[in-house]
Each structure stands twice: as C-alpha cells, then as structure tokens.
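Peer 1: Here is how the chains run, residue by residue.
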Amino acid sequence: MQTVLRDVSLSLEAGKSLALTGESGSGKSTLLTLVAGLDAPDSGAIRFQNHDLTQMDDAARADLRRGEIGVIFQQFNLIPSLDVAANIAFHARLAGRADGEWCSELAHHLGLADHLTRYPEQLSGGQQQRVAIARTLAARPKLVLADEPTGNLDEDSSDTVLDLLMSGVRDTGAALLMVTHSLRQAKKLDRRLHLSHGQVSP
Amino acid sequence: MKRAAFSALISHWRKHPIQLVSLLLGLALATALWSGVQAINAEARASYDRAAGILGQDELQRLEPRTGTIPLADYIAIRRAGWLVSPVMDGFINLNGSRVRLIGIDPLTTPPQSAPVDLSGDGDLQSFVRNGLFFAHPDTAAQIPSTLPPVRTTETLTPGIIIADLSTAADLLQTDSFARLILAPEQPINLPPLSDVAPDLLLVAPEEGNDIARLTDSFHLNLTAFGLLSFGVGLFIVHAAIGLAFEQRRPLFRTLRALGLRKSTLLGLLATELFALALIAGTLGVALGYLVAAALLPDVAATLRGLYGAQVSGALTLNPAWWLSGLAIALLGTAVAGAQSLWRTAHLPILAPAQPRAWAIASLKSLKRQALGGAGLIALATLLAIYGSGLTTGFILLGCLLVGAALTLPLFLHFALNLASKFSRTALSDWTLADTRQQVPGLSLALMALLLAMAANIGVGTMVSSFRVTFTGWLDQRLAAQLYVTARDETEAADLANLLDGQVDAILPIRYIEASIESAPGQIYGIIDDVTYRENWPLIAADPDVWDLLAAGEGALINEQLSLRENLAPGDPVTLGRAEFTVLGVYSDYGNPRGEAILSLAQLRAQGAPVQGLNFALRLPEARVNEVTDLLTSAGLPARNIRDQAAIKAFSLDVFERTFTVTGALNALTLGVAALALLTSLLTLSTMRLPQLAPVWAMGLTRAKLARLELLRAVILAALTALIALPVGLALAWVLLAIVNVEAFGWRLPMTLFPRDWIGLFIAALIAAALSAAWPARRLATRPAADLIKVFAHER
Chain A
107 MQTVLRDVSL SLEAGKSLAL TGESGSGKST LLTLVAGLDA PDSGAIRFQN
157 HDLTQMDDAA RADLRRGEIG VIFQQFNLIP SLDVAANIAF HARLAGRADG
207 EWCSELAHHL GLADHLTRYP EQLSGGQQQR VAIARTLAAR PKLVLADEPT
257 GNLDEDSSDT VLDLLMSGVR DTGAALLMVT HSLRQAKKLD RRLHLSHGQV
307 SP
Chain B
153 MKRAAFSALI SHWRKHPIQL VSLLLGLALA TALWSGVQAI NAEARASYDR
203 AAGILGQDEL QRLEPRTGTI PLADYIAIRR AGWLVSPVMD GFINLNGSRV
253 RLIGIDPLTT PPQSAPVDLS GDGDLQSFVR NGLFFAHPDT AAQIPSTLPP
303 VRTTETLTPG IIIADLSTAA DLLQTDSFAR LILAPEQPIN LPPLSDVAPD
353 LLLVAPEEGN DIARLTDSFH LNLTAFGLLS FGVGLFIVHA AIGLAFEQRR
403 PLFRTLRALG LRKSTLLGLL ATELFALALI AGTLGVALGY LVAAALLPDV
453 AATLRGLYGA QVSGALTLNP AWWLSGLAIA LLGTAVAGAQ SLWRTAHLPI
503 LAPAQPRAWA IASLKSLKRQ ALGGAGLIAL ATLLAIYGSG LTTGFILLGC
553 LLVGAALTLP LFLHFALNLA SKFSRTALSD WTLADTRQQV PGLSLALMAL
603 LLAMAANIGV GTMVSSFRVT FTGWLDQRLA AQLYVTARDE TEAADLANLL
653 DGQVDAILPI RYIEASIESA PGQIYGIIDD VTYRENWPLI AADPDVWDLL
703 AAGEGALINE QLSLRENLAP GDPVTLGRAE FTVLGVYSDY GNPRGEAILS
753 LAQLRAQGAP VQGLNFALRL PEARVNEVTD LLTSAGLPAR NIRDQAAIKA
803 FSLDVFERTF TVTGALNALT LGVAALALLT SLLTLSTMRL PQLAPVWAMG
853 LTRAKLARLE LLRAVILAAL TALIALPVGL ALAWVLLAIV NVEAFGWRLP
903 MTLFPRDWIG LFIAALIAAA LSAAWPARRL ATRPAADLIK VFAHER
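In order, the protein sequences belong to chains A and B.
Residues in the first sequence are numbered from 107 upward in steps of one, following our numbering.
Residues in the second sequence are numbered from 153 upward in steps of one, following our numbering.
Incorrect hints may appear among the rest.
Said to hold, decoys possible - Here are the simulated lysine-lysine pairs, DSS-like style, with alpha carbons at most 27 Å apart:
#, chain 1, residue 1, chain 2, residue 2
1, B, Lys942, A, Lys248
2, B, Lys154, B, Lys415
3, B, Lys167, B, Lys154
4, B, Lys167, B, Lys942
5, A, Lys248, B, Lys857
6, A, Lys248, A, Lys122
No wet-lab data here; the hints were simulated from the structure.
Since the structure is predicted, the reported quantities are computational estimates derived from the model, not experimental observations.
Use the sequences and the hints to build the structure in full.
Peer 2: Rendered as structure tokens:
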C-alpha cells in the first residue's frame, strides 16, 4: 500500500479561501475527498465545526455532506436526467433548504437564466460548470470544496467561472478550499498551500 | 496479427465475466427451452408415425366399415372377386384394469409395407401363428400377465398396442369380424369394382389414416409457440449482452483498425468469436433442453393420452438430428441477436468515439418510432382478429399482439414516469423518477421480455382457469348420475338391469356405435328419455322441444366440435352413418377432439350397426349409494366396475390438471428467463451507472440508500410493466379462448376473470424484480468509496 498523504495539517476559517496546488499525483484530490468525508484516512483527524469526520460512520458523514459541505468537481458531474433548474435546486432540496428565489438569483447571476429547462448534455463545458457551482451555492454550505473546477475550461472561461465562484462563496459566507494546477488562479484566493509528495508547504 | 487481434478481442470477456455469463446463459436457456419442446414434439410425432405405420395405414389403401365391423362374409366375397386384401382385427382387452389395444393380423397376406413386426427370424412365423406370440412395446409387455401368450418386446411399436396373429386376436376379442381390410399395393387386372363387390365399405386413402397426428397438431403447435416465445425471451438477453460487448469494445476496434487490421478481418474475427460462443452455449442449451424434455415428457404423454387417446412413450430417445438442430438454432439465434452489432461495426468509422452510455440511452424520437411500429402490429392483430381465420392466423395474431405490445412498452414507461414526476414533491423522488426514466432504454429489452412472460402468464392462466371453471361446471352437468356401472357382458348387463329395477330412481344405459359422422370417424350415442338429460345436459343451442323431438326419434343432438367443424346449427341436416337427421341441439363436450352425436336409443338400434357399451348410469338418492354398491358387488360385479360420481370427477379433473402441467411449467420457465434477463441487464448497467450515482452520493446520500433506491427503481419498472401486461394478457386470453381454442380443439369457452391471480402474479413480478435488483444493489451498497471517487477524477 502506498502512502498518499503524510503529516498534513491545515486549517480554514469560515469566510476564507484556500488554494491547494501541487503536481499531478501529489495527493491534492485525495486530500479534498478526505475533507469532504467521501473517504476516510488511515490515521489522523479531520475536524469540521465540532465534528471529527474520522470518528463518524458513513451515514453521519453523508448527513454532514448533505447539510454542510458542497463539492464542485472538475468533470462537473451534473445529473443528466434532471434539467438545469432541477440540477441547481437539487442539493438544496436534499438538504431541506430549498429556496426558489435564491436559486433564481444564482441562475441569473451565473448567466443560466435562459438555460433552466435544458439538460446538461445540451450545455457547453463552461455552462455545465456554472450549473455545478450554482448547485453547490444554492445549498448554502458552510464549506465549499472545489476540485480543479476550471480544469476543463479555456483561460477566459476559467477566469469567469472562478470569479463567479468566489463571489458566490463570499455572498454565502462559506469557506472555500480549491484544488488547482494554476498558480495564477491560486493567487486569487486568500491563502495558498503547496502539496508535494504527500506533504504540505506554504 | 490475426491471433494477436483475436486475443485482444476476447480479453474483453475476461474483464467482463458477467456479460459473458449472461450471454452464454441467455443463449443456453433460449436453446434449452426451444430444443426441449422440439424433443417432446419429435418424440410424440415419432409415436404417431409408429402408430400410423402399423399395418401401413400411412402408405396403403384400406377398406373400412361405415359402421361397426366387416363381417366374415364380406371378406370372403371380396377375396372371391379376386381382390388381394389382408384382414385386420382391432379391439381392446383389459390387462390388470387398463385397456390395451389388440391388433390381429394375418402374417401370410399382410403386404410387406404394412408388416408391423419382423417375423423373418428362424421360427418366428411359427411361434406367431401356432403359439400365439405377442409383440408389444416394453412398457406394454410389462403389463401382460403370464396366463396370456408369450411376448416379444419391440421399441418399434407404440405403447398400449399388442400385435398378435388373427386367430389369437379372434379368441381374445371374441369376434369373427374385421376392423378393416388392407389392400395390397398391386392388384390383379380386370377386377370388378370394389363399389360393386363391397358397397357397404369405405375405401380409405392412406393420407387420411393418421388421425392422431392431425388431432394433436394443434397441441404441438401450442407447445411450439411456447418454445418460440421462450426462445425469443432468451434472445433478448443475448442481444443485450452482444450489443453492449460490441459497444464497449469500440475503442479497441478503432485501435485495431488504426493499427492496420482490415475491416473484413475484424468482422471475421468477431463472427468467429460469436460462432464459438454460440457453439458453447448451444451445447449447454441442448443438454439442458434434454433435461427439460425428459422432465416434461411424462406429463405431455399423460396429456396426449388423456386428451386425444394418443399413446406416447414417456421415455426420451436421443436423436442426432435433434442435437444438430439444437446447435443450429443456437447459431441462428446468435446470428439474429448479433447481426445489428456486426452491421454497426462494419459501418464504424475509424475515428468514431466510443459511447457505451449512448448504447443505453435512446432518444425519445427513437422510442416513438419504435412505439409506432408496435402500434402498427397491434392494428394488424386487430384486423386479423376481425377478418382472419385458421389456427396459423391465430398464432400470427398472437405474435403481432405480443411483439406490438413489447415495442410500445418503453414509450409507455417513459410517459408513465413523466406523469409520476409531475406529482413528485421531493428532490429525491424527482431524481429517482427522472433517473428511472433514463434507465428505461437500457432495460427495455429485459422489460419487454418481462412483459411477454407476464402477458403469457396472464393469458394462459386466464385461459386455463376459465377452462377449469367451465369444465367443472360442465362435469357437474354431465355427471348427474350418482353411480356408473360397467357390466362384463350382455348377459350380466341384462341381469344387472333386472336387479336394479325398482332399487334406483333411473337406469340410464350408455350405448354407442362407431360410425362415420359427416365423413369423419366418430361415435353416435343412444339415450333413453329421462328427466336427468332434460334437467342437466349442457346444451349450447337447441330447439324449444328438443327432448320431446329426440325421444320421438325426429332428430339428433350433436357436440360443439361437430357443430363448429361442419358449421351446423339446430334445424340443419347432419349425416350420421348412412342416415340423415335434423340437428335438434348442440351440447358442449370438452376434452373430446372428435365429432359426436346423440340419438334416441331406439333410433341408435335402428342403425343396424352392432351397438357397443355395457355401461349404465344410475340415478338414486345420495344416501343410498353405498347400499346399491353393496347390492351390485354381492351380485358378483367386481368393485372396479362400479364408479361413483366423485371418483369420475376426480379422475377427469386430474386429466385436466395434467393437461396443463406442461403449459404451466413452460410459463414458469419463461417468467424465470425474463427475471434472468432483468438481472443480467441490471448487473451490466450497474457498472455503467456510477457516473450517475456518484454525484448524488457526494451530495450526502449513503451507498446503502442509493442501493435501496436502485431496488425501488427495478420494482417501479416491473410494476409499470405489469400494468401494461394485464391488458395484453387479457387480450391474449381472449385470442386463445375465442380463436385459437376454437380452431385447435373445436370448442369455445366463456372468459372468466381472476383478479386474485393477477394480484398474485403482480406480487411475483415485483419480488422477481426486487430479487433481480438485489445483487447489483448489494454490489453498490458494498462498493468501495474509491470506486465512486474515481468518477470525479475521471479515472474510470
């Protein structure tokens, strides 16, 4: 078995953003999935608010994700069977925080107002990523985790999407942990950490 | 290069063992059910041929009496006129309580084509003529007591038949007249015409001989239709497995083509691969088919015996032609199921992207196009129902109805789920319904198979249950008497009649003659005028004064089979034997494939033919049944010759139940194959569904909950399929009862509905769907988180 992360320690306050950079295979995405509670580490602790994720079972971690954590993936991972409006509202409705007005506002803000009845396969990559961002922000999570959210987009689209994400996170007061390859984009966040061979450095 | 390419192609199956298993299993099951039914049919037909081949009925002309038997004097007259004929005696003897047919032949005059047994061995002819040697099938030989002449067993004879010398048969049958005379194929010239020499005899052409084969044709057609249905359901699995395997290998095809493999070589390798898989599955299927046939044949033999009086051996013999045809059908099935995939591969551009998901997702447009085709077939079925006639048309109608309904199913499911989503109130139910809708195309083949199996189940179940209700009621009417007595000879019959006079309410003699009815062999019964008939006889149509007219000898009753076959109704003339009668009424006569008529007993006796039957039906108060039984046994009548109403009903119902055992078994097997189709489709799709499930998991649904939703999805789809299966099944039942049964058996049954059975089947379908989804759902529930995380990293 190979150790992916070793002696990693970091913290993130509410309303702040942190960029995690590093080479391919350095463990960035693994760290993100551990923080999201999608997987559990072999040792160590991951604390979110007053909970230690490593002490929670699968169901409790799922509850936490549903209520408090939003994840944005590089591959967008929208739900193909639902239209844009339903995709945006989906996580919020799962969390029991459905707010039609807020969803409309987000759709408008992210330039999706004209695409609400379309399906993901009918959208461009940039549009799909904006839907993914809207879906996450609509649920008003305390922590937003973004795994190379602009990795599949060209430079212009990347900047637009990132700006929209940042402003959305700011509006909701959430903390943002973003994995990125791009140093230029990382600079836009409050803090930066570099991950190399499973260890973090400033 | 070919070897390297082939090994690359087949490596797919190592990575996807479930696909391989579902392909092999689907094809093996399809082949098994088809070849099993074919084996049963072949075995039965071989028995009919053997029966028909006895005395060359299938090859030689023969003379038969219009009624009764041929007197010795007629035979002598024909021989004196120069005609070369061989006399045959034919009758039944009782062996330990069971009736066995005894055929007496004259080995010296029997034409070689019609020799039923081989007497060419040393001393055989002498033993046959002098010692009365019997020839019989081993099953029948085992029944022959040692007090009778010695037996030589032979597999070439049908069970239930004994061949003996004419003199031996004359002694045992206590007759000196003949059942028929076989004409030698070559006759002397300038003979007087047979119509002058034997005006009372019928010259029967050889092709008219095999009555049993003709009568049972419809039964075998029914079995074949079921076999074909099961084969079709199995092919759904094969088509789905081949389609996916080809789709998933598109990148490999592209790579191989880019590396310089010619298209024809690639197609050749793929065809070779399919051929090899078909051979493996076909061999397995034929072996399974043998087991299916061996398991079902005893019941089929019982059915054919009970329904048609046809003797079929309950043991299966292996025939190389059957094995080869089983393999051929497996290859043909694979070719049909794989043709579309091969064609697509043949037209695949080298740079075409692989779209395994696209394979499972069809556009709404294509669903509509498919449903339109289905609607066209249903419309054709409706036209055939209104304007068509004949058994083959009936089965084409059934095919159009079933395939048409199957083709419309995906669009129906799409709209039903769409409608349900309008009432959905939670995100989870929204997603569940939307995702279920998206799964429909991928599961449509399996769901179509489920629809076909369920519709067949409802249709055949309704037919059998309707038949059971009608048959039971009919038995109550027909078996109105409390006791049925069989005398052993005429003297005993007269003695019993005297003994019972005054002891019972009515003595109803059951007498009949063998006669041609509208030029087909049949029986004419004679009855006395009694309130039992007036109150109980099951008349379908009749003149107002039917019983008075019958008692006065002014007409005849005919059974429904004869009425439908000859299109006869009350008031029409009917030819019975040599005389013409007016039809007074039509009665239902289930279980009898032949035409039958009833005259007054006086009229029957006036026909001049030897009256047969030593049976009486006795009407008496229920409380006196034991007393009268004791009276009869104390008078010396064996207890086995006295049967009460309950025993006969139980026997008749037992024959009925066994008749439909095979249908029930094939029904259950078809449903099983459909459940397997659902399981393999769900297993296959489960590996492709992770991209749909992973985001929802990431948003806070546990794998266990997602697994439960997968289970629910399968149950929803099965429930919706069951909803459409109900009307299709009822339409199928109507076609079976109103069209196929009338054509096949000669009677029409009222359709009775059994909602409780539907509920049972509905629950069974839901359980089958839940069980089919249980394995993929469990795999999802226990799947490592890493597998789902890979979806986000796009590492799959």
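Peer 1: None of the hints should be skipped; say for each whether it holds.
Peer 2: Verification of the supplied hints:
no. : hint                 : result
1   : B:Lys942 to A:Lys248 : holds, 25 Å
2   : B:Lys154 to B:Lys415 : holds, 12 Å
3   : B:Lys167 to B:Lys154 : holds, 21 Å
4   : B:Lys167 to B:Lys942 : holds, 18 Å
5   : A:Lys248 to B:Lys857 : holds, 24 Å
6   : A:Lys248 to A:Lys122 : holds, 11 Å
Figure legend: structure checked against the earlier numbered hints; every hint is met.
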